[in-house]
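Peer 1: These protein sequence lines are chains A and B, in that order. So in this note's numbering, spot 345 of the first sequence is number 345, and the numbers just go up one at a time. So in this note's numbering, spot 307 of the second sequence is number 307, and the numbers just go up one at a time.
Any given hint might turn out to be false.
Note that identical chains are pooled: a pair holds if it fits in a single copy or bridges any two copies.
Restricting the straight-line Cα-Cα distance to at most 27 Å, the calculated cross-link-like pairs of lysine-lysine (DSSO-like) are [stated by the list, open to error]:
{"no.": "1", "residue 1": "K79", "residue 2": "K330"}
{"no.": "2", "residue 1": "K225", "residue 2": "K215"}
{"no.": "3", "residue 1": "K224", "residue 2": "K87"}
{"no.": "4", "residue 1": "K215", "residue 2": "K370"}
{"no.": "5", "residue 1": "K225", "residue 2": "K97"}
{"no.": "6", "residue 1": "K87", "residue 2": "K306"}
{"no.": "7", "residue 1": "K231", "residue 2": "K306"}
{"no.": "8", "residue 1": "K215", "residue 2": "K115"}
Simulated from the structure, these hints should not be mistaken for lab results.
As a plain string of letters, each chain reads:
2 protein chains.
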Amino acid sequence: MLKNHLFTPGPTPVPPRTLLAMASPIIHHRSPEFSQILAEVKEGLKYVFQTNNDVLLFASTGTGAMEGAVANALSPGEKALVVRGGKFGERWAEICKAYGIETINLDIEWGRCVKVEKILEYLIKYNDIKAVFIQAHETSTGVKFPLKEIGEALKDRDVILVVDAISALGAIELLVDDWHLDIVVGASQKALMLPPGLSFVSISEKGWKWIERSKLPKYYFDFKKEADALKRNQPAYTSAVSLVIGLLENLRYIKKRGLKNIIEHHKRLSEATKSAIKAMGLNLFTKEGLSEAITVVEVPPGIDGKEIVRLLKEEYGIMIAGGQGRLKGKIFRISHMGYVDENDIIVVISALEAVLNKLGYHVKKGVGIKAAQDILFH
Amino acid sequence: MLKNHLFTPGPTPVPPRTLLAMASPIIHHRSPEFSQILAEVKEGLKYVFQTNNDVLLFASTGTGAMEGAVANALSPGEKALVVRGGKFGERWAEICKAYGIETINLDIEWGRCVKVEKILEYLIKYNDIKAVFIQAHETSTGVKFPLKEIGEALKDRDVILVVDAISALGAIELLVDDWHLDIVVGASQKALMLPPGLSFVSISEKGWKWIERSKLPKYYFDFKKEADALKRNQPAYTSAVSLVIGLLENLRYIKKRGLKNIIEHHKRLSEATKSAIKAMGLNLFTKEGLSEAITVVEVPPGIDGKEIVRLLKEEYGIMIAGGQGRLKGKIFRISHMGYVDENDIIVVISALEAVLNKLGYHVKKGVGIKAAQDILFH
C-alpha cells in the first residue's frame, strides 16, 4: 500500500467533497441553474482577487489566459517590458514574441528579486513601453515580486502592469485593486484546489483602456466578449461546467474560512517547511522575497536532484517538483499551496529525511521534523 | 422529485462511471502515470478519428481548437472559403476575420446542404484560396455536409479542408484519413460523453505543410509544439488531468463497443426520433443531409418555441435546445448524441407529446411514442 501525496506547485490536491461535487450529473451551460452558479462564482472570484471588477473565466489552463492578456492588451509592434526571473517570466517573453511585440527583458538572476527602481529605469530609458509583464511569484524559483510597490510606481504612468498570479492567488497576499494591478491572471490548479482546466483574468479600469484600442488578433480569449456575457451571468462560449461547479464549492470554502486566515495558514506551513529545511542543513535556493506558496531548496553537492524526486515518488508516494529549465537536477520544490495541512508537512519532511540519508547526505532522523513541529504544533 | 434529462447537443450526459473516474484524487501531468494515460488516450483518439496521425489534445472547449486551426494553418492576408450554413459556419468566418484572413463565404440556406460543385466553382473563381472551412454537420440546423465527396475533390488541389467535427465525432461516420480531411477539430462534451473542457485536432500530412509555413500568431494552441510533446506522451503545457482521465474511460468503452456499432446506435435513435416527430404531424427543419446526431424540428405555427423548451425543462426535467441566431423560437433541437439510449428517446417524445398538447397543438397521446417504438423495439 502506498498512498499518494501531491506537493507539486500545480496541480495540487483537490478536496474530496469538491471531487464529488464535480462528479454530479452534468448540467447545461445555458441553463438557469448554471447561470446562478456563475453569479455566485463571479462574487467569489472578486473576493479572492480582492477586486470590485468582474473576473473573467476561461476553459483553459493558465498559459491560455496569459496569451489572452497579451493579445487583448497590445497592438502589433508595441513594446513591452518583461521581468524575467525564471521560467514563467520567460513564458511572458515567448508569448509577446509570438505576437510580434517587441520585448525589453529585465533579466534577474534566478532566485533573486527585482528592484522597483530598475523597472522605472527601463521605463525612462524606453519611454514607449506600453505594458510591464511580471509574476506575483516565480513558481520556478520561489521568489515573490514586490507588486505593491511596482503597482504604486506605475499607476500614474502610461503603462499597464500585467501579472501572472497563477500560483499566488489564494496562497499569498494579493490586493488587486489596492495595489493597482491592471491585468491579473489566475488558474484553477493551484491554491484554488481544483483540477487544471480553468483560468481567470481580472482587469482594471486602466486595463480596459488598453484593451479598447488593442489590435492583436483574438477570438477564444476575447476579454470584451467574455466580460459582456459575464454581465448576464453567461459564458461567451461553452463553459467547463464540471470544473466551475468544483470552483463554486471551493470559493464557498474560502469565503467561510476567510482569505486572511488562509494566507496565514500558508505562511505557517511555509515557515515550518523552510525551518525544517534549514535544520537539515540544506540551503534555500530562494535568496530574496521568499514566497509562502512554495519552498525551493538547493540540492546538496554530490547528489542528483532527480534522484530525490524519484525516490520520494517511488518509495514514499510523495510527488514534489524538480527544477525547470536551467535548474533541472539542481533544486527541488515543495509546494504547500491549497489543500495542504500541518500533517502533510510532517509527512513530506519525514520522507525527505529518509531519502536524503539513503542518497548519502546525512541527516539526523527527526531533526527536520522537530523544527517543523516547533512552528506547527505549539 | 424531478430527474434531469439532458438532450442538448453539448454538453451531453456523462456516464456515472466516468464521473466517478474523474473524481479520483488528482495526479500530476508530468507523472509516469499520466504519461501512460496519454499514450493510451492517443491511440483511442486515433481510432475515433479513424486516422493514423496523432490527435492533439487541448485544455479548451471546441472554439479554442477552431481558432487554433485558423492560426496554425494560414498566414496574414491569405484567402479562405467558408461554407456558412448555420451558426458554426459563421463562427469559422468570424475567427478568420479576427485573424485578418480574407474570407469568401459560401452561404447556404439554413437547413440545406452544400453542393460539391459549388465549392469547386468558388475554388476556380478565386484560385488563391488556401483553405476551405466547413462543419461535419451543422449543429444549429442538423445538416450533414458531404465531406467524403468534398475531400475527394480537394485532395489534389493546392487547398486544405478544415473540418469542425465537434458534434459529429463518435456519432456519425467520419473517416478522417480515407476522406482526406486535413485538419479536423473535435471536443469532449458531445458524443465523447465528457464534460466540456477538452478539444482535439487531427492533422494530415498535407495539413502539416500548411502549418509549417503559417505566419499567424499562436502560443497556447501551437500545433507543432503540442505534437512534439505528444510524441513523448506529454502535454506541452499543463493538461486538464481529470478530464483526460474521464476521456480514457470513455475511449475504452468506445473501443470495446466498436465505433461501427455506436454509429449504428445513433442511426437507430435518430430514425426513431425523426419518425416520432413526423407521426406527431411536425415538420423536420433539416431539409437535406439529415444528421444522425440531432433532430431539428420546426415549431408549429402559432406556438412559441421558447415555451416548448421552457415547459419541457420546468415540468419534465428535460432539457432540449432551442434555435440559435436567426432561428431563435422557430425551431427546437433534440440531441441523441453520446450516452443516450432507447428509453431516453421514449422519455423525451412522451414529454414532448404532453407539452405540445398543453400549448394548444393537438397530438394524440402515444402517437409519437408508437412510431419510435416501432423502430426501437422490434
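Peer 1: Taking each numbered hint in turn, which are not upheld by the structure, reported in ascending numerical order?
Peer 2: Hints 1, 4, 8 not satisfied by this model.
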